[in-house]
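Visitor: Here's the letter readout for the chains.
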Amino acid sequence: MLRGLYTAAVGMITEQIRTNTIANNLANVNTNGYKKDETISEEFQSVLLHRINDSTQKGNIFDLQNIDTARNYLLKGTVADTGSGEAVIGSLGRGAKIAEIAVIRDQGPMENTGNKLDLAITGQGYFAINTPQGVRYTRDGNFYRSAAGQLVTANNQAVLNTSGGAINLPANTDNIAIGADGTITANGNSLGKIELAGFSDRGALLKEGDNLYRPQKGANPQTATGSIQQGWLEKSNVNVAREMVKLINNYRTYEADSKALTTQDSLLDKAVNDVGRV
Amino acid sequence: MMRALWTAATGMTTQQQNMDVISNNLANVNTTGYKKQRAEFQDLMYQTLRQPGATSGPNTIYPSAMQAGHGAKLSATNRIFTQGSYQSTDNKTDMMIDGDGFFQVTMPDGTIGYTRDGSFKLDETRRLVTSDGYPLEPEITIPEDAPSDTITIGSDGTVSATPAGADTPEEVGQITVVRFVNPAGLSAQGKNIFYQTNASGDPIESTPGEDGAGTITQGYLEMSNVQVADEMVNMIVAQRAYESNSKAITTSDAMLEIANNLKR
Chain A
125 MLRGLYTAAV
135 GMITEQIRTN
145 TIANNLANVN
155 TNGYKKDETI
165 SEEFQSVLLH
175 RINDSTQKGN
185 IFDLQNIDTA
195 RNYLLKGTVA
205 DTGSGEAVIG
215 SLGRGAKIAE
225 IAVIRDQGPM
235 ENTGNKLDLA
245 ITGQGYFAIN
255 TPQGVRYTRD
265 GNFYRSAAGQ
275 LVTANNQAVL
285 NTSGGAINLP
295 ANTDNIAIGA
305 DGTITANGNS
315 LGKIELAGFS
325 DRGALLKEGD
335 NLYRPQKGAN
345 PQTATGSIQQ
355 GWLEKSNVNV
365 AREMVKLINN
375 YRTYEADSKA
385 LTTQDSLLDK
395 AVNDVGRV
Chain B
351 MMRALWTAAT
361 GMTTQQQNMD
371 VISNNLANVN
381 TTGYKKQRAE
391 FQDLMYQTLR
401 QPGATSGPNT
411 IYPSAMQAGH
421 GAKLSATNRI
431 FTQGSYQSTD
441 NKTDMMIDGD
451 GFFQVTMPDG
461 TIGYTRDGSF
471 KLDETRRLVT
481 SDGYPLEPEI
491 TIPEDAPSDT
501 ITIGSDGTVS
511 ATPAGADTPE
521 EVGQITVVRF
531 VNPAGLSAQG
541 KNIFYQTNAS
551 GDPIESTPGE
561 DGAGTITQGY
571 LEMSNVQVAD
581 EMVNMIVAQR
591 AYESNSKAIT
601 TSDAMLEIAN
611 NLKR
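From first to last, the protein sequence lines stand for chains A and B. Heads up, the final residue of the first sequence is numbered 402 in my numbering, and it's a clean run with no missing numbers. Heads up, the final residue of the second sequence is numbered 614 in my numbering, and it's a clean run with no missing numbers.
Any given hint might turn out to be false.
Stated by the list, open to error - The list that follows gives simulated cross-link-like pairs (lysine-lysine, DSS-like), each with its CA atoms no further than 30 Å apart:
#	chain 1	residue 1	chain 2	residue 2
1	A	Lys317	A	Lys341
2	A	Lys394	B	Lys613
3	B	Lys597	B	Lys613
4	A	Lys370	B	Lys442
5	B	Lys597	A	Lys383
6	A	Lys221	B	Lys442
Think of the hints as simulated: they come from the structure by calculation, not from any bench.
Whole structure, please, built from the sequences with the hints as guidance.
Guide: Written as structure tokens, this is what we have:
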């Protein structure tokens, strides 16, 4: 059927995925340490249009070598005659697809909570968390003290220190001080240092839910350059106004794609029902 | 159907829970010894559409992942045990704990409840009891012959009263306070009472002023630590977040309508 029908349809699907991502950003507008996702789309590889059985040309249209030559011409930006019975007219785009859902790691706004165990990271870095599935990373510094006296996340998973162990807090909470480098002191006694892991590769961490990031195979945590702020929480970096604009933009693009689709359908209607009337 | 519909719905649900927490804080803005709560959220699971490192061509790999999220959920309602403001009452049996700690009271079923509400009264047997009649633990009884305006409570929790006709006060009891390793893990029972849980740890009983326990101040009450301005800001944030999620739903719905109208 008409190629344009499918082109318009992939456009609609792309906008649908974009809208899903925006909905997730909006749902997490109040999630501590949440980093927004941005959908990046790209054009499908364009195809070559050939004029085949050109009487002035001779050759086999299935000659792959000639198609390669044509492609090379195309890459140079010229329209080529392959001399094989198929003159290349030019390229045709086939719509857009999602190339990437990128995590935008901008700093989120800070909120003062007055809670001594709330920690925010300014700059680079993640807290390392011990979960039953292995070490995970998070920017959510909403920590508690567990019944066993350990520093834990809201899901009761231990926050790790620089030597990979849990951090034990004494019964008296009054004087717990956490320095910018993660050093914890209580009543003047040192309790270790909170691990702050950094990753040079942005593909090293995958979102896992529960505010956790899962390290990928080969991910190598290094000492991060960020610093810790005690008594603060990093909020979500989602900007509602921006997401709303994107939502409107998506909606209108979707609408325009649908118009392209219905227009082509009317053309088909004409071709089938009017032209083909017997 | 569109995933965005369900994703945005989880956003609306979490903001609704946020509003529940905020309205409870506002309802308790004048509750003695009330400790405010704060709703905390987490993102839900992610669907990995493409792994990073997957092959993208003969000699190339995708450097980044493609992940689609499914919304948000409530992860915790964190109770904030900061000190509330003080209010002078000039009532001899009102007291507040300045610092960490809870009063222990005996509940009707014999279990121990914990409270920061120090508005104690004398019952018919002249025991110190809460507004609901739950006696302090250990029990403190003011002698019949000692007028209630002679009751003195020291910062270390010693209660004394002067019998009629006598010149020197007599010690009639000792108030102890308890602390918890993790007060955020206490379970609120209403009526300003908390119960211990596995998460809070066992109570650590101590004399006021010792081992980091707070001191007792007579004639004052600890008010709620809810800050109305903060709660109002939280409410605006929750409302706008709810609204923007509803916009995501109506937009997705409109898109579905367009899709449905493609077939004429």
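Visitor: Against the structure shown, which of the earlier numbered hints fail to hold, in ascending order?
Guide: Violated hints (numbers, rising): 4, 6; every other hint is consistent with the structure.
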